[in-house]
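There are 2 protein chains.
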Amino acid sequence: MSVIDQLTRELSRFPGIGPKTAVRLVYHLMKRPKEEAHRLSQAVRDVADRIRPCLVCGNFSEAERCEVCSDPGRDRSTICVVEEAYEVGAIERTGQYRGQYHVLGGHLSPLDGIGPENLNLDTLLDRVTEGDTEVSEIIVATNASVEGEATAVYLENVVRPLGPRVTRLARGIPVGSDLEYVDGTTIAEALSGRREM
Amino acid sequence: MSVIDQLTRELSRFPGIGPKTAVRLVYHLMKRPKEEAHRLSQAVRDVADRIRPCLVCGNFSEAERCEVCSDPGRDRSTICVVEEAYEVGAIERTGQYRGQYHVLGGHLSPLDGIGPENLNLDTLLDRVTEGDTEVSEIIVATNASVEGEATAVYLENVVRPLGPRVTRLARGIPVGSDLEYVDGTTIAEALSGRREM
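Those protein sequence lines, which keep their order, are chains A and R.
Heads up: the first sequence at position 93 corresponds to 100 in this note's numbering, and the numbers run straight through without jumps.
Heads up: the second sequence at position 49 corresponds to 56 in this note's numbering, and the numbers run straight through without jumps.
Please note: incorrect hints may appear among the correct ones.
The list treats identical chains as interchangeable, and a pair is accepted whether it falls inside one copy or across any two copies.
As the list claims (entries may be wrong) - Derived pair list, reagent style SDA-like, types lysine to any residue, alpha-carbon separation capped at 25 angstroms: (1) K41 <-> F21; (2) K27 <-> E69; (3) K41 <-> L118; (4) K41 <-> L198; (5) K38 <-> D12; (6) K27 <-> M8; (7) K41 <-> T136; (8) K27 <-> V10; (9) K38 <-> S9; (10) K27 <-> S9; (11) K38 <-> R57; (12) K38 <-> S19; (13) K41 <-> D185; (14) K38 <-> G23; (15) K41 <-> S19; (16) K38 <-> D53; (17) K27 <-> G179; (18) K38 <-> A197; (19) K41 <-> P26; (20) K41 <-> I121; (21) K41 <-> Q13; (22) K38 <-> G200; (23) K38 <-> E156.
Honestly, the hints are just simulated from the structure, not real lab data.
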């Protein structure tokens with residue numbers, strides 16, 4: 008197999024990159040200076056060799072504990088539970104959250120054979136029961152999909168008996184949307200969750 | 008800058024990959040086995056180090072001459088001129104063409120400051136005037152865009168005086184399309200290019 012075909016095959020493994028896109032990427036790379044490809048090659052290798060899951064929360068990290076878990080300024084009594092590590096970044100960028108995170112690494116999906124034992128759940132329960140600081144609130148930030156909701160309900164059932172409040176992100180109208188284009192289920196959720204002005 | 012940010016930045020350089028897609032790709036990579044990332048890293052490096060333009064036609068190649076140029080079974084009297092090297096593959100896959108190729112490396116675009124001197128044109132004229140085999144036909148396969156058409160007209164003007172026939176790919180209704188959804192210009196071209204059944 009030629010080196011072009013080899014790179015095309017490796018790139019096609021990524022989600023959202025089909026064979027045609029992969030070919031385009033390869034040809035783009037060949038038109039660029041060699042140094043750029045070397046930098047990319049090195050960056051891929053560095054990520055593979057130096058990134059690992061944080062021992063505490065499962066977030067990706069260059070050290071044993073991720074930046075959030077090792078920051079003494081973060082509130083340790085609140086843990087926000089997300090499905091995937093890249094969702095931590097989405098919440099961090101708001102600058103509105105000062106607590107901890109916990110990355111499940113997916114959601115419950117019985118049809119795909121993914122049960123509680125396949126998620127990063129035991130360590131979450133350990134954090135709640137055995138941590139140095141008492142955990143007073145678990146914010147469930149799983150996705151607003153069927154599987155995300157099922158995972159949220161499961162979490163509530165296992166965490167609430169241990170003591171902490173269990174909350175979830177508010178459902179409602181996304182900021183900046185026209186009501187006309189918002190789906191009915193979301194409007195219904197926004198109605199039932201309405202707040203005093 | 009963290010290794011994650013570094014890889015995200017390198018991936019964002021690709022056309023069609025914005026910062027958000029880049030982040031997704033990086034996280035996908037981190038969830039896969041380390042060996043997969045190592046293979047990708049190596050494939051990127053191999054392409055950078057081992058692929059170069061074919062000395063004859065400008066196509067990407069692992070040797071001095073590309074597979075087409077070094078194949079003694081290919082007809083040397085016909086040269087198909089394309090804008091980019093990946094278009095060679097599109098024509099090769101039809102299995103209907105047995106001649107040579109020439110890769111311009113772009114199209115004329117005065118607004119972007121790309122003139123004839125920025126394209127791989129001199130070597131094409133050399134092939135026509137100085138090759139061992141007489142070149143009897145140049146097939147212009149530049150894109151059906153404004154720039155591609157301008158490049159085609161320019162090519163015709165410089166090549167025809169040297170002797171060869173200059174042809175271009177037929178314009179017409181794409182196979183499998185509903186006439187209803189084909190644009191007017193294409194239908195007009197298909198009409199003027201109509202053939203006996």
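Evaluated hints:
{"no.": "1", "hint": "K41 <-> F21", "result": "both (23 angstroms within a copy, 14 angstroms between copies)"}
{"no.": "2", "hint": "K27 <-> E69", "result": "between (34 angstroms within a copy, 21 angstroms between copies)"}
{"no.": "3", "hint": "K41 <-> L118", "result": "neither (46 angstroms within a copy, 27 angstroms between copies)"}
{"no.": "4", "hint": "K41 <-> L198", "result": "neither (57 angstroms within a copy, 47 angstroms between copies)"}
{"no.": "5", "hint": "K38 <-> D12", "result": "both (16 angstroms within a copy, 24 angstroms between copies)"}
{"no.": "6", "hint": "K27 <-> M8", "result": "within (17 angstroms within a copy, 32 angstroms between copies)"}
{"no.": "7", "hint": "K41 <-> T136", "result": "neither (53 angstroms within a copy, 33 angstroms between copies)"}
{"no.": "8", "hint": "K27 <-> V10", "result": "within (16 angstroms within a copy, 28 angstroms between copies)"}
{"no.": "9", "hint": "K38 <-> S9", "result": "within (17 angstroms within a copy, 27 angstroms between copies)"}
{"no.": "10", "hint": "K27 <-> S9", "result": "within (17 angstroms within a copy, 31 angstroms between copies)"}
{"no.": "11", "hint": "K38 <-> R57", "result": "between (29 angstroms within a copy, 13 angstroms between copies)"}
{"no.": "12", "hint": "K38 <-> S19", "result": "both (19 angstroms within a copy, 16 angstroms between copies)"}
{"no.": "13", "hint": "K41 <-> D185", "result": "neither (48 angstroms within a copy, 45 angstroms between copies)"}
{"no.": "14", "hint": "K38 <-> G23", "result": "both (23 angstroms within a copy, 16 angstroms between copies)"}
{"no.": "15", "hint": "K41 <-> S19", "result": "both (22 angstroms within a copy, 17 angstroms between copies)"}
{"no.": "16", "hint": "K38 <-> D53", "result": "both (24 angstroms within a copy, 14 angstroms between copies)"}
{"no.": "17", "hint": "K27 <-> G179", "result": "between (39 angstroms within a copy, 24 angstroms between copies)"}
{"no.": "18", "hint": "K38 <-> A197", "result": "neither (51 angstroms within a copy, 35 angstroms between copies)"}
{"no.": "19", "hint": "K41 <-> P26", "result": "both (23 angstroms within a copy, 22 angstroms between copies)"}
{"no.": "20", "hint": "K41 <-> I121", "result": "between (43 angstroms within a copy, 22 angstroms between copies)"}
{"no.": "21", "hint": "K41 <-> Q13", "result": "both (18 angstroms within a copy, 17 angstroms between copies)"}
{"no.": "22", "hint": "K38 <-> G200", "result": "neither (54 angstroms within a copy, 36 angstroms between copies)"}
{"no.": "23", "hint": "K38 <-> E156", "result": "between (46 angstroms within a copy, 23 angstroms between copies)"}
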